[in-house]
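Since chain A is already given, all that's left is putting chain B on it; use the hints.
If you want the building blocks of each chain, they are given just below.
Number of protein chains: 2
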Amino acid sequence: MNKSQLSAREILKEWGIRNFRVIDKQAISEITLGASILATGGGGDPEIGLLWTYKVLDEGKEILMVDPMDVPDEIQTASTACLGAAIVLTEKPPSSDVLSLAMERLETYLGRKIEATIPLECGGVNSPVSYAAAGEMGIPVIDVDGMNRAFPELQMTSWVTHGMHSSPTVSVDNRKNVTVIDTGDDDVLAETLARRAAMAYGGISWIATYPLTGEQMKETSILGSQSIAWAVGRAVMRARQEHLDPIVELLNSLKEERNVEGFRVFRGKIVDINRDFGSETNKGFTLGTVTLDGIDSYKGQTATLDFQNEWLNLRVDGKVLCLPPDLIAILDSETGEPIRTDIMKYGYRGTVVVIPAHERMRTPKGIEMFGPRHFGYDLDYMPVEDLNTAGGGV
Amino acid sequence: MNKSQLSAREILKEWGIRNFRVIDKQAISEITLGASILATGGGGDPEIGLLWTYKVLDEGKEILMVDPMDVPDEIQTASTACLGAAIVLTEKPPSSDVLSLAMERLETYLGRKIEATIPLECGGVNSPVSYAAAGEMGIPVIDVDGMNRAFPELQMTSWVTHGMHSSPTVSVDNRKNVTVIDTGDDDVLAETLARRAAMAYGGISWIATYPLTGEQMKETSILGSQSIAWAVGRAVMRARQEHLDPIVELLNSLKEERNVEGFRVFRGKIVDINRDFGSETNKGFTLGTVTLDGIDSYKGQTATLDFQNEWLNLRVDGKVLCLPPDLIAILDSETGEPIRTDIMKYGYRGTVVVIPAHERMRTPKGIEMFGPRHFGYDLDYMPVEDLNTAGGGV
Chain A
334 MNKSQLSARE
344 ILKEWGIRNF
354 RVIDKQAISE
364 ITLGASILAT
374 GGGGDPEIGL
384 LWTYKVLDEG
394 KEILMVDPMD
404 VPDEIQTAST
414 ACLGAAIVLT
424 EKPPSSDVLS
434 LAMERLETYL
444 GRKIEATIPL
454 ECGGVNSPVS
464 YAAAGEMGIP
474 VIDVDGMNRA
484 FPELQMTSWV
494 THGMHSSPTV
504 SVDNRKNVTV
514 IDTGDDDVLA
524 ETLARRAAMA
534 YGGISWIATY
544 PLTGEQMKET
554 SILGSQSIAW
564 AVGRAVMRAR
574 QEHLDPIVEL
584 LNSLKEERNV
594 EGFRVFRGKI
604 VDINRDFGSE
614 TNKGFTLGTV
624 TLDGIDSYKG
634 QTATLDFQNE
644 WLNLRVDGKV
654 LCLPPDLIAI
664 LDSETGEPIR
674 TDIMKYGYRG
684 TVVVIPAHER
694 MRTPKGIEMF
704 GPRHFGYDLD
714 YMPVEDLNTA
724 GGGV
Chain B
334 MNKSQLSARE
344 ILKEWGIRNF
354 RVIDKQAISE
364 ITLGASILAT
374 GGGGDPEIGL
384 LWTYKVLDEG
394 KEILMVDPMD
404 VPDEIQTAST
414 ACLGAAIVLT
424 EKPPSSDVLS
434 LAMERLETYL
444 GRKIEATIPL
454 ECGGVNSPVS
464 YAAAGEMGIP
474 VIDVDGMNRA
484 FPELQMTSWV
494 THGMHSSPTV
504 SVDNRKNVTV
514 IDTGDDDVLA
524 ETLARRAAMA
534 YGGISWIATY
544 PLTGEQMKET
554 SILGSQSIAW
564 AVGRAVMRAR
574 QEHLDPIVEL
584 LNSLKEERNV
594 EGFRVFRGKI
604 VDINRDFGSE
614 TNKGFTLGTV
624 TLDGIDSYKG
634 QTATLDFQNE
644 WLNLRVDGKV
654 LCLPPDLIAI
664 LDSETGEPIR
674 TDIMKYGYRG
684 TVVVIPAHER
694 MRTPKGIEMF
704 GPRHFGYDLD
714 YMPVEDLNTA
724 GGGV
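If you read the sequences in order, they're chains A and B. The letter at position 273 of the first sequence is residue 606 when you use the working numbering, and the numbering goes up by one with no holes. The letter at position 61 of the second sequence is residue 394 when you use the working numbering, and the numbering goes up by one with no holes.
For reference, chain A alone in the conformation it holds in the complex:
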């Protein structure tokens, strides 16, 4: 991927785009913080993704983000991401060329150059990784993603629920092993094959996936997903600086940027973590259940959350307060920093917030593909707004 340093800028000039945002370290740290909050307990360690992106910036490479609706219909975009159990990633730091390798092999298989990256999901690793790849490849990032949250499986995207497919997907590892997966319209099989490849590699893989044209990207993505993450991250950082309540600022930012209501529903301390990890059985996920005992005004109540990389559902004293695909975050009450499923420990304290999923994730097809029944719950989906009466944001 030895393109000239300014080629992202040149590409935008070719497309006639004059409005774009230059992503510097401050910007990427805000976007990554917001994305890791929207990652609903998953998405991996932001330190890893951030360090990677900082390195790309330190090398003098530019990272430019553009509005999806400005992008020509006929261009080729693709997503690049980490796929595997986030808990493994902390022990297996990536080499810098895995993303370029995956994207190059995808270009070879497609017989077409990839001209922009589209982030896969909101996550501490996968959000900044998209920017790092864009900077390395000298191409722009588009202000979209496929989830506006994180989800444990590759097919759980607005792209698939709107008729697109992850195939071909290229999966690589640190040792330059390559697996190309092309399952046509069978996105669940692509996930199975990609997950098995990641396990065979040792738990973690780097993928280039969802090759979409500009037109397909516009019609099926979560538009403005990066801006949403950025607004959330900026709000929480401002709260830290100005000693405001980060949870209030977060909920306000969602109201402003998305015009949706999130809810503060619990505050508690982790008293039990039931992990099921490390075996073939869990098929490459971070799996389990966590219990929190209420503190402050929630004293005497108990919250239970299941997780599969991400939080799946929330029950307080047996009452369901959030179901997938709606978002759950456990946040440090002082800093707004998310407590993730892969690093949480007994005794951690946090505030539990629930947030409505993006409307492109709540279609009937979306509820079928990643609603409660898909994850094995014998429950119909109910929007988080209906599960939490007005004023739930205590």
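Some hints here could point you the wrong way.
If chains are identical, the list can't say which one is meant, so a pair holds when it fits in one copy or spans any two.
Derived BS3-like pairs: lysine-lysine, alpha-carbon spacing no greater than 27 Å straight-line [what the hints assert, rightly or not]:
(1) Lys509 with Lys698
(2) Lys446 with Lys509
(3) Lys388 with Lys358
(4) Lys551 with Lys698
(5) Lys358 with Lys346
(6) Lys602 with Lys632
(7) Lys346 with Lys551
(8) Lys652 with Lys632
Calculated from the structure, these hints are not laboratory results.
Coordinates of chain B only, in the frame set by chain A:
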């Protein structure tokens, strides 16, 4: 793969080759019988491979076999085969275009046309399948393979022990799902990935693998492997027609064609089969142990054989009589038909024959990669000739 019908002949003309063998139904049935005997209990149902090849011949396509040493150094060859648990294959008959699809995608990934097929192993399915693919693609088959037996794993070839690699391997299924596996020199990982893909497909995959140049093929293959299988099959068929002892004829044919001594070491009846199949645990193999009680002159003795798709070892009254990579066959004493691990049943009677592996399989690297210790036996390899004193052929 719509090439003109005579292109295999035209290719040979281009290469200046005037000596070749035309493979008709009689020839392929003899080769397949011999290959299924050399398949050492594995290799799958010859009916499936044969029907496929007959269909190709019935469509008027020519199948031509050439001597490896006549082939130009610079041509591109590749192997095509079935990978998975043979027991699944009987329930999942292939569609006719899986091999062409696999080879086409390999050509795309390589950026090069494949000009000849090289059989992977001796087996009831994989031997004729190479001929069928050649016929369909209008290219010749070369008189080699990578084992001169069957083996359960993709990397267990003379090609790997002589420095070649299975990457890139393309794995496809009946529904046109495609996985390209490129692990460089890590052939064990390629096997792991290919096996996982086969399992994800439902147990069976069709692969195009081991892209070798003509020169590499000559230096690392089992030369004349097809001729050996053909000689064995012809001998056993002649024995059936002329009411001779098929075991004697088989052993004579090995002596004539390979100048090696095989041994008739047991005759018995299957009294116990301990199968471990169908679970994720067995990773896509037909696994287990079988026990035979001796009959005739072996009355009172007990033979035990472990299998992983193929027979792995043979013990008679606790004494080891054959270790991998040497060959074991249990043959119907009247017809010489092999009893396979995937279809054997309680009560089957047969004669057990052991045969020295080809010298290119017995190198130190070969013993390391597929000798007794690789399969978990705490035993050094000893050649079958040393384990069975002269005169073992009762």
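Hint-by-hint comparison with the structure:
1. Lys509 with Lys698: For Lys509 and Lys698, only the inter-copy Cα distance (25 Å) is at most 27 Å; the intra-copy one is 36 Å.
2. Lys446 with Lys509: Both: 20 Å inside a copy, 25 Å across copies.
3. Lys388 with Lys358: Within one copy, since 10 Å is at most 27 Å while 64 Å is not.
4. Lys551 with Lys698: Within one copy, since 18 Å is at most 27 Å while 55 Å is not.
5. Lys358 with Lys346: For Lys358 and Lys346, only the intra-copy Cα distance (24 Å) is at most 27 Å; the inter-copy one is 65 Å.
6. Lys602 with Lys632: Within one copy only: 10 Å inside a chain, 72 Å across chains, cut-off 27 Å.
7. Lys346 with Lys551: For Lys346 and Lys551, the Cα distance is within 27 Å only inside one copy (20 Å; across copies 54 Å).
8. Lys652 with Lys632: Within one copy only: 16 Å inside a chain, 71 Å across chains, cut-off 27 Å.
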